[in-house]
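As they're listed, the protein sequences go chains A and B.
Each residue of the first sequence is one higher than the one before, starting from 20 at the first, in my numbering.
Each residue of the second sequence is one higher than the one before, starting from 20 at the first, in my numbering.
Hints were generated in silico from the structure; no laboratory data involved.
Owing to the predicted nature of the structure, the values given are computational and were not obtained by experimental measurement.
Worth double-checking, as some hints may not be accurate.
Note that the list lumps identical chains together, so a pair holds whenever it fits in one copy or between two copies.
DSS-like cross-link-like pairs, simulated, lysine-lysine; straight-line CA separation at most 27 Å [said to hold, decoys possible]:
#, residue 1, residue 2
1, Lys22, Lys58
2, Lys213, Lys237
3, Lys77, Lys58
4, Lys109, Lys164
There are 2 protein chains.
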Amino acid sequence: MKKPLILVTNDDGISAPGIRALIAVMSELGEVVVVAPDKPQSAMGHAITINSTLYLNKVSAENAAITEYNCSGTPVDCVKLAVNEILHRKPDLCVSGINHGSNSSINVIYSGTMSAAVEAGIEGIPAIGFSLLDYDWNADFEQIKSFIRKITIEVIKNGLPEGVVLNVNLPKLPENEIKGIKICRQAKALWMEKFDKRKTPQGKDYYWLTGEFVNQDKGEDTDEWALEHGYVSVVPVHFDMTAHHMIQQLNTWNLNEKN
Amino acid sequence: MKKPLILVTNDDGISAPGIRALIAVMSELGEVVVVAPDKPQSAMGHAITINSTLYLNKVSAENAAITEYNCSGTPVDCVKLAVNEILHRKPDLCVSGINHGSNSSINVIYSGTMSAAVEAGIEGIPAIGFSLLDYDWNADFEQIKSFIRKITIEVIKNGLPEGVVLNVNLPKLPENEIKGIKICRQAKALWMEKFDKRKTPQGKDYYWLTGEFVNQDKGEDTDEWALEHGYVSVVPVHFDMTAHHMIQQLNTWNLNEKN
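The following block holds chain A by itself, in its conformation from the complex (with noise of 0.2 Å):
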């Protein structure tokens, strides 16, 4: 059987322990492709660069074993130029991260982890966003490397349906500690700003931006009760962003009469 293509970025950098956790893992399962940013693009979203310049640099030697390049712009952007201009095909996987911090309930729709994975699957390429729950640059990510392998395996394996790609978040606990696999929905959270006032030199006003993040559900079913409860969760996530529920509601307000 041919080795699948795997095309691994993240938003942490190219140089991240995260993503070389994951290019180690991604190695033992095809032939890898990184194509990452060349600085942090934590919490970038699913921003991309259209009024500025993008580079791109092959930071790998000619004869090493995975082919790397860094760039200067996005998450979002990487997925984009690693098919287009280094691949010039679909690669048969594409894996975000391991993302140092969590990215699971609403933290999703801020994530570059996320975002690159949704970019790939806009792209019809199935995806998955690796997240480990521990900000340290330091983390210890053998502890989860194997329940990244079972998923990506079974990812190769099963393939997704179009439209569909993979948040995977993985709990700060010792391999052995943790008690499986679950298939989540994405928990109803938010976080509660609170910013960091502070003045220049100069005195003028800055603010550093802060928050607290408050779970507001209760459901057992949840990404953020699975971590709590040390599970791996894996909430299948779309780009239908449309609130089909509300359209029937919608339809008997009195838009198209005249007041």
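Given chain A, work out where chain B should sit, using these hints.
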């Protein structure tokens, strides 16, 4: 009846003609506070600023009818700062736009305009994003003001269910040729990227992202269909990205069996 407090933002920047037109309509309907980016922030998606500082400048005169601030951050940052640092309470409505250009179908996911509306929705604020299918800086926003007024009045009157915001796109047509307002779903569409590869004066390759829009959806209930046929499209958008229909199928995978 007390006038509603309306937060106005956008992604083209505070001086764009689109937001000026939106402010004009909203000032007839409520008390308006503007918090918008100090520079264009198109295609920023749901990006937030966590690795650098944010500035907020009051740009309206003390006795002006409308209070206006510009912000150094993204559209989502503007909403967060407005709610937390300026208004110190939830506004009754948040409107974003009028965007210079379409945010229909898959564009919802790249759009700074819509991400600002979605952020408001996450924070429990009824929200609408407005976009005109005209990329011209000097587009004629007069033609669409009556539709924006109508939709906004209906939202103020009916409210929106929690977790739903509206994505409104308006065709580039004279007012009397616009056929009406249609409730739609997001069309299945994508951008086929094309990179314009160039060389710097120093001989280094760089890229501009360009692309061609491809509507893959033949449905007559989509926003693309409505806009092509001369209607204003209204898509209810939510931010639960779970592909609920996929959960059952994923539960048949062998994720928890030993290899």
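Homomeric proximity label, Lys22 with Lys58: Cα distance no greater than 27 Å: Classified as neither; 30 Å inside a copy, 46 Å across copies.
From the Cα coordinates, with 27 Å as the cut-off, is the pair Lys213 and Lys237 best called within, between, both, or neither? within (24 Å within a copy, 45 Å between copies)
From the Cα coordinates, with 27 Å as the cut-off, is the pair Lys109 and Lys164 best called within, between, both, or neither? Classified as within: same-chain Cα gap 25 Å, cross-chain 43 Å, threshold 27 Å.
27 Å Cα cut-off: does Lys77 pair with Lys58 within a copy, between copies, both or neither? within (15 Å within a copy, 32 Å between copies)
Hint 1 from the earlier list is the only one contradicted by this structure; the remaining hints agree with it.
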